[in-house]
Structure formats: C-alpha cells, structure tokens
Amino acid sequence: MPPVLTLQGISKNYGSIRALNLVSFEVPEGSVFGILGPNGSGKTTLLSIVMDILVPTSGSFRLFGEWPTEIQRRRIGTLLETPNFYHYLSGKDNLVIASRIKEKGFGDIDKVLEIVGLTQRRNSRFNTYSLGMKQRLAIAASLIGDPSVLVLDEPTNGLDPVGIAEIRELIRQLAQEGKTIIMASHLLDEVEKVCTHVAILKTGELLADGPVDEVLVNEDLLDIGAADLGKLKEVMQDYPGLGSLKESGNLLTAGFTSGISPGEVNQYCFSRGVVLTQLRIRKRSLESKFIELISSPKIR
Amino acid sequence: MGNLLRIEWLKIRKYRTFWVLMGLFVFSFPGASYIFYYLQTQIPRQGRRLLNARHYFQFPDIWQSAAWLGSFTLVLLGMLVITLITNEFVFRTHRQNIIDGWNRMQFITAKWSMVVIFALIATLCLILTALTFGLLTADQLYLSDILESSRMIWFFFVQSLAYLSVAFLFGILFKRAGLAIGLFFLYALILEKVIFVLINHFIGPYGKFLPLETTNHLIPSPLLRAIPGLKPDNTNPYIYFVLALIYILLFVFITVRQMRKADL
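The listed protein sequences derive, respectively, from chains A and B.
Just so you know, we're using the working numbering here: the first sequence kicks off at 1 and counts up by one.
Just so you know, we're using the working numbering here: the second sequence kicks off at 301 and counts up by one.
For the record, the hints were derived by calculation from the structure and aren't laboratory data.
Keep in mind that a hint or two might mislead.
Simulated DEER-style distance windows between Cβ atoms [unchecked claim]:
#1 B:D439 - A:N123: 51 to 59 Å
#2 A:K193 - B:I417: 47 to 55 Å
#3 B:M405 - A:P2: 21 to 29 Å
#4 B:I546 - A:R172: 57 to 65 Å
#5 A:G30 - B:I417: 42 to 50 Å
Using N, Cα and C, we set each Cβ at its ideal position, and we do this for glycine too.
From just these sequences and the hints, can you work out the full model?
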C-alpha cells in the first residue's frame, strides 16, 4: 500500500514571509500521525495545501500515491482550522450539503450526529450553536461516508474537558478500526496520548518526523550521589553506555544511550571503590523534550 | 451539472434573504410596469389621446416598455447575487466545499449556473409581464404584433446576465457583502457615469460601450422616441448585444482565473 500522504519539498511564501520551508514526509497507512508545533509553525498552512485551499509556492504532494484531485479528497474526512458551515441552516441541513458534495448517501447523517452527541440539536440553526457544538458538527461532517482517512486540525479546540476526553476516545476508536488519522495540534500531551507517528514543525521547518517513540524518546535520567563527588565523576566517565553526565548541586545526573539499570551502576561504582549515597531514577517529561526540540536549531 | 445545481439549491432553499429578495423582485418587476400603466390612465382624456401613452403597453411596444421598466428592479437580483457569493467567503464555506470534494472549477461553475438561472427567471418575468399587459390592453390581436419586438426577450436575457455578471465579479473580488454591494452601487450609479463623461469628452463617443452603459443601450427607454429633437442612437443594437456577450465572457474569465489560482 502506498503512503496515504507523501509531501515532497513543500514551501509556501506569503509575500516575504516563508510559512513552510521544504517540508517532506510521509504518512503511512493506518498510523495516527500527529503534526506537532507551536502556534504559527505552519501546521494549518500545510494541511490547507493538501486540501487545495492554498497553492504551494513550490513542491508537490501525493494522496494515496496519486496526483491529488477532488476524487482523493472525497475519501478523506477533514476538519480544517475552524468549522465552516452555512450559519442560517441547521446542523443537519449543513451535513446534507456536505454529503452531496462528497457524493455519499444521507444514511450516515443521523449516525454521525449521534456519534458527536448533536442528535437533539440537529434541527437548530448553526448560528445558535456554542463553540463546542460547532466543533462537534465539524467532526461529524468529517465522519460522513466513513472515510478511511481523517485530517483533524486542532480537533479539540473549543471543547470542554469532557468533550476533549470524548474526542480523544473517538480518535482512538477510529484508529482501532484501522483508519489513518492525521492530526495537527500544538498540545504535546494530545499527540503523545493518541499518536503513533509525529512530525514536528517550527516556523515552517520540519524538525523531526517518525514514530512517536523514536522522535519523542522518553529518555530517563539517573541521579547519583557519593561522598566524593569528584571521584564519582571520574569513575562514571568510563561507564560503558553513558550518554551524558552533568553536575547538579551535590548530585550527578547521568543519561544512558541504551537502557537504564540502577543496579549495574551501583555495582560498577562499588567495584571501583565509590559508595553511592544516593541513587534515583528521574523521568524526563516529554514536555521538556518537546520544548528542547523546538527551541534548539535544526536537529537533523 | 445537475448535481451542482441541486447543491446550490440546498444552500438557498431555506435562506430567508433569498426568498425576500427573490419575492421582492418577482413582485416589483410587473409592479414597475403597473405603476406607469396606472399613471397613464390618470391623464385626462384629451391629454391621453394627444400623448397616446397607451401604446407603450400594447404589442409590440410593451416588450420594450416592460423590459426597460423591469430592468430597474434587477438591482434586487444584483444584491442577491452579491449576498450569495460573499456568504461563501464570510462563512468560509467556499473552502469547505472544496475540502469536501468539489474542485475549484465545480465551485465556480455552480455559482455561475445560479447567475444564469436568475437571468432566466428575470426573463420569464418579462415574458409574463409583457404578455399580461399586451393581452389586456390590445384593441385587436395580431400574432405579428406580438412577435414583432420579441427580440427584446433575448436582449433582456443578455442584459440581465451582463448586469448580474458585474455583481458577481464585485462579489468575487471584494468578498464582503457590505463592501461589494457598496462598491457595486458606487460603480453602477456614479463611477461609470463619470468615466462615461470623461471618455466622451476626451476620446470620443465611446462611453456607451462601458459594461453597464452597453446593457442600458441594449434596451433604451421607450420614452426617448417621444422626445422631439433628440438625436436617436444610430448604433446597430446588435453591436451592443455582441459587446454585452463579450463582457459576460470577460467577467467569467476573470472570476474563473481568480478562483483557480488564488489562495482561498
């Protein structure tokens, strides 16, 4: 199976501002692909280009391995940036139009309204909806016709905590059904909770992409202490598989290139005449990893 | 094509503004003729015979009278066209339609088809209005009289289409209802007249070939003939007809190019 989406050197300029710079990556089939980046990093611009809303300055992309046309777009359920609906029509009438354009039957409309919990308000005009309901309607629209691929740009925008949890659960469910989900978010937590793959964007540059557990490596650290810190440092420098070693206060913080085993470290030090007075695993949060990623210059 | 129009219909069938403006148009189109018909009946008997105003409402002149009077109500359809186009931009549904699976050409084709249908509705109003007045006021009915000026039907269709095309262009270019309607009126009522005068003064008698002037000349006021000493416009009316068609094609071309290349 070809990748669902292949980007080849996509750039987009707005006047002198470069919103995207030579972005290339692939979205494999069946993945939950997070596009992660702070506000203004080019996530929505990128997805808008894929949806033919914006025209790239240079570069090209493929959908399902084919040149993109409206035929491929009909196979993708998309929620882009803000919910776009006819304000004077009811939620249901808006979905009727979407179904027609997608050339799908109307059989799905009641079902998708039920999924997002809008059945009761289906006949109310769109402009009477709250922000969260508008977002739910947009998610409902993206589910019409049971598409194999979903593109969701900040899908939990405007939702309350319960709504956010519901949508995450929905995304997880859809992923389990084997759907490919491309999700843009500035919330690391969101990506970490549901995504299998991730691409990180910063001011239009692709910083990293790949499986989540490779890109957002959850590198644990070991805090160790001894009476003679200088000696400990000397000894630890020769430890096989040491990644990093930093002094922090009266402790040393060690990172390892492969696996962390406090027992081995303890034995190693003891055998070299250093008695550890402290030994503690410290979880490094993804958050700090993410901030490190986006605040450092290009890492690859 | 049928599917595109069906979707456009889904967009407007529950839109109150559409029904209000369309209703006003359908009501005021014959209304414009009726007002002048009524005024004409109020002229004292001797004056009426002298002016012979009644013939304006008889075949074949009624075609031109109803078309000319009705053309003033086209402004309602013009506002409707601008509203429907700019709604798409304001609600950003032009993006959504494309995201959902239209291509850009389908979007613009659907919208243009709607404009053509509005022009057809206007033409239907003309046919019904002219036939009604013509049949009610006829002293004797000759088929040849009825058909004599019926080319006005074609002229009026092209006039309506050209007029609504200008409105469409303003909607596509300015994207906000208030701005587009305001500039449309500014152009239709003032700017084109200013350019008209400037062209006639500095270049020559070509101001009448400006877009809206062209459509105005397509169906001149029937009253012009009654004014003694006024030099008639000797330009072959088919020149205006062809020029109006060229303008329509030009506006189609501009809007298509705009929609195909632009960021939405």
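Comparing the hints with the structure gives:
no.: 1; hint: B:D439 - A:N123: 51 to 59 Å; verdict: holds (57 Å)
no.: 2; hint: A:K193 - B:I417: 47 to 55 Å; verdict: holds (50 Å)
no.: 3; hint: B:M405 - A:P2: 21 to 29 Å; verdict: holds (27 Å)
no.: 4; hint: B:I546 - A:R172: 57 to 65 Å; verdict: holds (59 Å)
no.: 5; hint: A:G30 - B:I417: 42 to 50 Å; verdict: holds (46 Å)
The structure fails none of the hints (numbered hints given earlier).
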